[in-house]
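So you can see what is in the structure, the chains are spelled out below.
Number of protein chains: 2
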Amino acid sequence: MPDDFAQPLSAADVSEYERNGLLLREKDILTEGEIQNLLAVIPEVLDTRGPEVVLERDGETVRSVYGVHRTFPAVRDLVVHPKLIGAVRQILGGDIYVHQSKINIKAAFSGDQWEWHQDYINWLRADGIPRPSLINVAIFLDEATEFNGPLMFIPGSQRMGLLPGADRAGMPASYEDAPSWVDTLTADEKFKVDRDTIRTLAEKDGLFSAKGGAGSALFFHSNILHASLPNISPFDRKVLILVYNLVDNAPGDVDTPRPDFLAERSPVALVPRNGEEVTHE
Amino acid sequence: MPDDFAQPLSAADVSEYERNGLLLREKDILTEGEIQNLLAVIPEVLDTRGPEVVLERDGETVRSVYGVHRTFPAVRDLVVHPKLIGAVRQILGGDIYVHQSKINIKAAFSGDQWEWHQDYINWLRADGIPRPSLINVAIFLDEATEFNGPLMFIPGSQRMGLLPGADRAGMPASYEDAPSWVDTLTADEKFKVDRDTIRTLAEKDGLFSAKGGAGSALFFHSNILHASLPNISPFDRKVLILVYNLVDNAPGDVDTPRPDFLAERSPVALVPRNGEEVTHE
Numbered sequence: 030m031p032d033d034f035a036q037p038l039s040a041a042d043v044s045e046y047e048r049n050g051l052l053l054r055e056k057d058i059l060t061e062g063e064i065q066n067l068l069a070v071i072p073e074v075l076d077t078r079g080p081e082v083v084l085e086r087d088g089e090t091v092r093s094v095y096g097v098h099r100t101f102p103a104v105r106d107l108v109v110h111p112k113l114i115g116a117v118r119q120i121l122g123g124d125i126y127v128h129q130s131k132i133n134i135k136a137a138f139s140g141d142q143w144e145w146h147q148d149y150i151n152w153l154r155a156d157g158i159p160r161p162s163l164i165n166v167a168i169f170l171d172e173a174t175e176f177n178g179p180l181m182f183i184p185g186s187q188r189m190g191l192l193p194g195a196d197r198a199g200m201p202a203s204y205e206d207a208p209s210w211v212d213t214l215t216a217d218e219k220f221k222v223d224r225d226t227i228r229t230l231a232e233k234d235g236l237f238s239a240k241g242g243a244g245s246a247l248f249f250h251s252n253i254l255h256a257s258l259p260n261i262s263p264f265d266r267k268v269l270i271l272v273y274n275l276v277d278n279a280p281g282d283v284d285t286p287r288p289d290f291l292a293e294r295s296p297v298a299l300v301p302r303n304g305e306e307v308t309h310e
Numbered sequence: 030m031p032d033d034f035a036q037p038l039s040a041a042d043v044s045e046y047e048r049n050g051l052l053l054r055e056k057d058i059l060t061e062g063e064i065q066n067l068l069a070v071i072p073e074v075l076d077t078r079g080p081e082v083v084l085e086r087d088g089e090t091v092r093s094v095y096g097v098h099r100t101f102p103a104v105r106d107l108v109v110h111p112k113l114i115g116a117v118r119q120i121l122g123g124d125i126y127v128h129q130s131k132i133n134i135k136a137a138f139s140g141d142q143w144e145w146h147q148d149y150i151n152w153l154r155a156d157g158i159p160r161p162s163l164i165n166v167a168i169f170l171d172e173a174t175e176f177n178g179p180l181m182f183i184p185g186s187q188r189m190g191l192l193p194g195a196d197r198a199g200m201p202a203s204y205e206d207a208p209s210w211v212d213t214l215t216a217d218e219k220f221k222v223d224r225d226t227i228r229t230l231a232e233k234d235g236l237f238s239a240k241g242g243a244g245s246a247l248f249f250h251s252n253i254l255h256a257s258l259p260n261i262s263p264f265d266r267k268v269l270i271l272v273y274n275l276v277d278n279a280p281g282d283v284d285t286p287r288p289d290f291l292a293e294r295s296p297v298a299l300v301p302r303n304g305e306e307v308t309h310e
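Same order as they appear, the protein sequences are chains A and B.
Under this note's numbering, the first residue of the first sequence is numbered 30, with each subsequent residue one higher.
Under this note's numbering, the first residue of the second sequence is numbered 30, with each subsequent residue one higher.
Take these hints with a grain of salt, some might be off.
Note that identical chains are pooled: a pair holds if it fits in a single copy or bridges any two copies.
[Said to hold, decoys possible] Restricting the straight-line Cα-Cα distance to at most 25 Å, the calculated cross-link-like pairs of lysine to any residue (SDA-like) are:
#1 LYS56 x THR77
#2 LYS240 x PRO201
#3 LYS56 x GLY157
#4 LYS221 x PHE264
#5 LYS56 x SER39
#6 LYS233 x GLY115
#7 LYS240 x THR77
Please keep in mind that the hints were generated in silico from the structure rather than gathered at the bench.
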């Protein structure tokens with residue numbers, strides 16, 4: 030019953046996503062109140078301790094907190110936001126669930142880079158997800174500018190499938206004693222895409238950086254080549270990332286399944302929440 | 030006889046420089062032929078070996094080559110370009126010489142950051158230069174974009190004088206065995222300006238990044254707070270920097286004078302070259 034779902038994207042939006050592998054919507058997905066609800070939980074997110082917290086190479090600054098849609102009611106409610114579910118269903122065309130969520134902090138003065146990478150290779154290898162039909166929805170929690178390490182992309186690169194490259198040997202520096210699943214979560218990517226490939230794609234299609242105010246929603250494909258620079262500015266660049274996947278593209282068998290804060294192995298189709306905007310005291 | 034010198038800057042340009050501590054001129058200082066002359070020597074610059082070459086932390090990629098106006102005829106000719114001498118004299122108001130020159134490579138995929146810093150503190154401490162009346166003239170050797178680590182500034186910060194901060198202890202990591210003068214030339218600044226100060230200035234006056242095509246000329250003050258990000262794009266961002274100083278602001282006595290490829294200790298007033306554009310085979 031697709032008519033039950035909101036359809037916030039135009040046909041042109043969906044075409045743009047299919048062509049470029051990304052779509053940036055600055056102000057029309059979330060209301061100001063919904064953004065404020067999210068921002069209100071940030072202090073608690075930053076106080077999280079446990080294996081779902083990944084630190085930067087400096088061993089002090091919080092880089093990412095995973096599984097936030099399981100932990101924080103404001104994020105859990107956002108996951109079933111009618112416009113988000115509607116938009117993702119418009120692109121993927123079926124029942125969806127959230128495979129992974131995280132808040133990347135990209136802290137002022139300290140937030141480190143994310144090297145050029147495609148996301149899907151990690152979901153394929155670590156979680157046994159059969160097809161690259163996953164969508165990242167990045168909700169900006171601060172204004173993203175050219176100065177604070179915005180997400181940058183090579184538009185259209187998702188159409189190339191898995192790009193050639195090679196694995197880094199061993200664990201990333203500064204994380205030698207961390208659990209094996211940290212291997213793909215640091216500034217030093219596990220799978221390094223060939224530089225000649227990156228150059229060829231960038232010369233052909235250029236680079237795009239996703240800049241916009243807090244509350245902007247950026248949809249991007251699990252195979253689009255992307256990266257972000259360190260943040261040496263005095264301004265944080267926090268982002269919430271929800272990874273939606275098709276229920277019929279659920280994880281398969283793998284030797285050592287990842288913790289549930291990194292990978293949902295029991296998908297249930299999401300139903301949009303009804304009614305008024307949810308508020309949290 | 031100031032009338033003998035070209036005056037390429039307007040009164041408004043000079044005011045802008047005094048207010049912001051920087052002035053970007055995109056296309057009207059150098060001709061296309063002059064830019065090509067410079068670009069032609071880059072392969073030779075990259076082949077330079079010796080103490081005037083500083084490598085990145087990776088120990089492989091060339092970060093900077095110093096003293097290029099002594100080594101390469103195309104740079105030596107540029108130093109006495111009538112428009113450059115004229116512009117710098119308009120700002121400084123007296124006889125000038127080149128205290129230092131360098132080409133910063135900021136190589137594709139590998140060029141590292143320059144942390145927030147002011148230049149003058151190093152020229153004061155290492156060379157005994159009495160006053161901050163030095164001007165950096167940065168000549169872009171590639172297009173500088175938001176993606177390849179452009180120079181970024183806090184406009185107006187030069188009016189604050191030497192900002193509060195503290196020295197890093199010891200030599201920068203990866204350079205433990207390097208000569209002492211390398212201490213101020215790496216991605217890890219010797220003198221670290223207080224983060225609260227940087228934040229306060231940036232909140233007040235904002236950030237500015239210097240973007241423009243190859244051949245652009247950027248004038249900036251020796252006390253302006255600036256930085257640049259690593260270059261993880263597939264495009265180089267090379268820049269030639271000429272540091273002009275007033276002859277009557279020459280280095281004073283210091284315990285251990287730096288090599289002459291880092292600091293000119295016997296200034297002679299520059300005279301603009303005459304006549305036609307110089308070409309090199």
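Taking the hints in turn, this is what the structure says about them:
1. Taking the shortest alpha-carbon separations for LYS56 and THR77, neither the intra-copy value of 29 Å nor the inter-copy value of 52 Å comes in at or below 25 Å.
2. Proximity of LYS240 to PRO201 under the C-alpha cut-off of 25 Å is found in neither arrangement, the shortest distances being 29 Å within a copy and 34 Å between copies.
3. Taking identical chains as interchangeable, the C-alpha atoms of LYS56 and GLY157 are never at most 25 Å apart, the minima being 35 Å within one chain and 54 Å between chains.
4. Proximity of LYS221 to PHE264 under the C-alpha cut-off of 25 Å is restricted to the inter-copy arrangement: shortest distance 18 Å between copies versus 29 Å within a copy.
5. For the identical chains of this complex, LYS56 and SER39 are intra-copy neighbours only, at 15 Å inside a copy versus 42 Å across copies, given an alpha-carbon limit of 25 Å.
6. Within a single copy, LYS233 and GLY115 get their C-alpha atoms no closer than 33 Å, and across copies no closer than 41 Å, so neither meets the 25 Å cut-off.
7. Taking identical chains as interchangeable, the C-alpha atoms of LYS240 and THR77 are never at most 25 Å apart, the minima being 28 Å within one chain and 39 Å between chains.
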